[in-house]
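K.L.:
Residue numbers (our numbering), protein chains in the order written: chain A, 101 to 171; chain B, 354 to 713.
Among the hints, a few may not be true.
List of simulated lysine-lysine pairs, DSBU-like, C-alpha gap at most 30 Å [unchecked claim]: (1) A:163 x B:390; (2) B:696 x B:713; (3) A:149 x B:359; (4) A:149 x B:668; (5) B:374 x A:163; (6) B:390 x B:359; (7) A:149 x B:480.
No wet-lab data here; the hints were simulated from the structure.
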Amino acid sequence: MKKLVITVTVIIGLVSLVAIGCTNRNLVGLSPGAEEAAVNTCVSCHTNKDILKKLASPEEETKSTETTGEG
Amino acid sequence: MEVWEKVFVKDAEFMQSTHGKVGCVICHGGNSQEENKDLAHVGIVIDPSEGNCNTCHMDIAHVNEISLHTTLSGFTSALEARGGDVSEGTPLSEALENHCNECHTSCGQCHVSRPDELEGGLVSGHKFRETPSMQYNCIACHGARVGAEYLGENEGVPADVHWTQETMICTDCHTNVLHGSTEIADNRYDNPNSADCGDCHADVWTNTEGNPQHEQHLGDLSCQVCHSVTYKNCYGCHVSIDPEGLPCRTSEPSVMQFEIGNNPLRSSERPYKYVVLRHVPTCAGTCDYYGENLFPDFNAVSTWKYATPHNIQLKTPQNESCDACHGNIGLFLTEDDIRDEEKIANKEVVVDEFPETVGK
Numbered sequence: 101m102k103k104l105v106i107t108v109t110v111i112i113g114l115v116s117l118v119a120i121g122c123t124n125r126n127l128v129g130l131s132p133g134a135e136e137a138a139v140n141t142c143v144s145c146h147t148n149k150d151i152l153k154k155l156a157s158p159e160e161e162t163k164s165t166e167t168t169g170e171g
Numbered sequence: 354m355e356v357w358e359k360v361f362v363k364d365a366e367f368m369q370s371t372h373g374k375v376g377c378v379i380c381h382g383g384n385s386q387e388e389n390k391d392l393a394h395v396g397i398v399i400d401p402s403e404g405n406c407n408t409c410h411m412d413i414a415h416v417n418e419i420s421l422h423t424t425l426s427g428f429t430s431a432l433e434a435r436g437g438d439v440s441e442g443t444p445l446s447e448a449l450e451n452h453c454n455e456c457h458t459s460c461g462q463c464h465v466s467r468p469d470e471l472e473g474g475l476v477s478g479h480k481f482r483e484t485p486s487m488q489y490n491c492i493a494c495h496g497a498r499v500g501a502e503y504l505g506e507n508e509g510v511p512a513d514v515h516w517t518q519e520t521m522i523c524t525d526c527h528t529n530v531l532h533g534s535t536e537i538a539d540n541r542y543d544n545p546n547s548a549d550c551g552d553c554h555a556d557v558w559t560n561t562e563g564n565p566q567h568e569q570h571l572g573d574l575s576c577q578v579c580h581s582v583t584y585k586n587c588y589g590c591h592v593s594i595d596p597e598g599l600p601c602r603t604s605e606p607s608v609m610q611f612e613i614g615n616n617p618l619r620s621s622e623r624p625y626k627y628v629v630l631r632h633v634p635t636c637a638g639t640c641d642y643y644g645e646n647l648f649p650d651f652n653a654v655s656t657w658k659y660a661t662p663h664n665i666q667l668k669t670p671q672n673e674s675c676d677a678c679h680g681n682i683g684l685f686l687t688e689d690d691i692r693d694e695e696k697i698a699n700k701e702v703v704v705d706e707f708p709e710t711v712g713k
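Could you put the whole structure together from the sequences, leaning on the hints where they help?
P.N.:
Structure, rendered in structure tokens:
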């Protein structure tokens, strides 16, 4: 009986540790692969040249045209 | 590079790589379930290097923290050496932020995309390149002088033999130095991991038989004194803010020169008496836009600096014979080569005793 109680306790402990590890977002946020399972609009747009061209916004100018000479 | 091209991942194969499997939003934020572009990009982090790479690459991230690419302490140490006050809130700290800190790089700006200074853009889709691209990463920032020299882009000056004969890329020589030193360095030469010709050419040091020039000069002359050729020197850089509020700079046209001078960084690692010197773009008035006399001790540091031009040749005009160098005053930095306002700053590096001709 004592052995059974110890075994069950150890199993519950291990399952709890695994569960905590999977939900610890301090490390990498979502668990790897979780996003993959769902529809990923990032990939569908960023691998499609035509969509990117269509949706591209003009970039804000950050370089001065008054700069001359070599850097 | 077109705007769309900068963020074009090319194919979904990346998602099967180690980094791809982590998932987009984990590093970049945003919302991968949202179809509306603007909503999908709320909270997006374009360069997520900080705080993410070190999760798995702690060994490299740790040393990279003290890399000159990260600390940019080469800039601050140069300004402080001239008496500049770069403490927070000073005019010089504003100049530093506007004009120097843009050169800061991150893990991603070497291993994934082009640097921000060149307006970014993925290099090979979203592929993480263990070895950065020489063209799109290293030379993107180090192109005006070193890159142009190495590839032979200066008219009439040959490319470096390490490129023409061996197609060596930057990281073949610059290995450990790129991810930091063992301690915080003040400049690129203040690093025990710096590239060293002897790393590959150790035999030059151990066997000088049959090479009287090496026999005679190995300890006195840096390798570049005999094996580099004319290189680029820059003058008169002035920084300011343009009417649009954007940082800008102007400089005088660069000048191709070759000048041998006294070694300003003489040490046990660099014991040479003579080295080649390059004029750096700075001048006393470089930051005048931000205030007067911001370098009260400008003359404390030379404007002709220890240099290692990247245009190495086996045969050069100065090593053709003994007297190609001996007695050839034109090769040496003399007081006549120095601008009046910089004579005091450079008095220690100017050569005033020249090797006499030997008739050979």
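K.L.:
Are the hints correct? Go through all of them and say.
P.N.:
Checked hints:
no. : hint          : result
1   : A:163 x B:390 : 26 Å, holds
2   : B:696 x B:713 : 34 Å, violated
3   : A:149 x B:359 : 11 Å, holds
4   : A:149 x B:668 : 50 Å, violated
5   : B:374 x A:163 : 36 Å, violated
6   : B:390 x B:359 : 16 Å, holds
7   : A:149 x B:480 : 17 Å, holds
Violated hints, listed in ascending order, are 2, 4, 5; each of the other numbered hints is respected by the structure.
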